[in-house]
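Number of protein chains: 2
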Amino acid sequence: MENFEIHIMGCGSALPTTRHCASAQIIRIGNKQFMVDCGEGTQIQLRRNHIHFSFINHIFISHLHGDHCFGLIGLISTFGLLGRTAPLHIYADAKLEELMKPQIEFFCKGMHYPVFFHNIDATKHQIIYEDNTITVESLPLKHRMPCCGFLFREKPKRRHLIGDAVNFYNIPAYMRQAIKDGIDYTTPEGEVVPNSKLTKDADPSRSYAYCSDTAPCDNSEILKGVDLLYHEATFADSEKERAAQTFHSTARQAAQVACDAGVKRLLIGHYSSRYETPDVLLKEACELFPETIAAKEGMVIHID
Amino acid sequence: MENFEIHIMGCGSALPTTRHCASAQIIRIGNKQFMVDCGEGTQIQLRRNHIHFSFINHIFISHLHGDHCFGLIGLISTFGLLGRTAPLHIYADAKLEELMKPQIEFFCKGMHYPVFFHNIDATKHQIIYEDNTITVESLPLKHRMPCCGFLFREKPKRRHLIGDAVNFYNIPAYMRQAIKDGIDYTTPEGEVVPNSKLTKDADPSRSYAYCSDTAPCDNSEILKGVDLLYHEATFADSEKERAAQTFHSTARQAAQVACDAGVKRLLIGHYSSRYETPDVLLKEACELFPETIAAKEGMVIHID
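Protein chains in written order, with our numbering: chain A, 577 to 880; chain B, 577 to 880.
Bear in mind the hints are in silico, worked out from the structure with no lab data behind them.
A couple of the hints might just be wrong.
When chains are identical, the list treats them as one kind, so a pair holds in a single copy or across two.
[Stated by the list, open to error] 27 Å max Cα-Cα, derived BS3-like pairs, lysine-lysine:
no., residue 1, residue 2
1, Lys685, Lys816
2, Lys872, Lys800
3, Lys733, Lys671
4, Lys671, Lys685
5, Lys700, Lys685
Keep in mind the model is a prediction, meaning the values are calculated, not measured.
Let the sequences and hints guide you as you build the complete structure.
So, in structure tokens, the structure goes:
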């Protein structure tokens, strides 16, 4: 099975600390790399974590607070200095294009690749990216400005051929892809062999959801059963009011979202700078949802 | 004597590495703090080096390449989040104001302090900042775009009173400042006591020059005798042609500038990402100008 990995580049919140970097993640699925959010300093984090710059072709920006997008111009500029020619696609609120175009024109003059902006309507749940194996959906979130999460899903995969059965029925090579897709096989003698005799279940289609920044909001239908949910947990329970005022979540609220949606694992992050360590946040989330991991810069989470 | 210190926040060049940060320095003179250049990640470097954000009121930007200014928006935004009320003054090419105004309006909405842009004409050597004890002059440099260095000078200081003489002539308190400024003292009996009998030489007025990015250029009249010269040394001798093409300097050329101007000490930086360590650059500069220091993140250089 191909790798499906989440690489944490930054999991701090708005105020800079030496403990955490601003929000950014790399989602690596097979040989594809997607970036989600790009706070200041993300390009250094990519270097530090040995992420290949040239494999990043799609960047998804949840919302236009600085700690989620101030690293973009540096990254775009560095791509240019490195001689990139492949187009770069950025998915974000329309305002980002307006803000970045003049900067790109000035700072990246003469670079040899185009940057395409794809405007997201953060109020809608819809597919915003699709290729032969992956879809990315926008997830409406509740923040102080238009903000959406992202749900990465593998498309349904082909079934596995059962080697012995393929040999027994002497199935010709040109038929095999269709059989993996689920059709039955008719022998030259006219016997119909049901697909279930020829194939085993496909590998499961894995999924990862990224929800930051947001007050708790009900996306449980959409998030149902995802393999890994990243949900912001800016505050501990003791700061519940502050969380509500600023449209952020407590760790316990993140855990409640994970419970409600029946996700397999929860990854928390976007820690307020007031916490020296995420221990209290992890503890409070685990009380409700034990399968919780606290994000940390450089961490790689595998989805199997 | 008050402190006069240069704090190196970043001394790398355009391409990000894990060894160096993008250009930024703090010049601390007494209780004043000036910033020169502000590459991406500078606010993290300030945190890492325990620099107080609230004492930074004046930022000088040498030129508009990203590695010298991409950290500004993050810093301005963080100042806002921290509740700053004191005005911030930014000295830079006029284009910066045009590029940053829309970003500040959008990302820093509702912040309680004003940002004033002071446009610099990089082709002119002139005083661009002045207060009761300091002047900052622009230094025309030779780069691929308008670019200037900065020369920080203490103003001439008052002479020191000689305690014994002051007591002997019973000089009244209200006269003392004027005597420190150099006037003679006339006793009630009409005797003129020359200033040289009453005072000792003032502390020397110290100076620091920042020259990055630039091909070697002749500012030796202006730089004559400065206490410390920061001069970019992007390349080693072996990359002399590349240096010329890109309007940068080799370490040896930086040393030649230091020799020509008769500065006291040379500080090199802005190292190309191709050098794992600045050793070769330091060696080549020292051959010509032994009083050379290689800048390093976190380094503090005192000017006595």
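Of the hints given before, which are not true for this structure? 3
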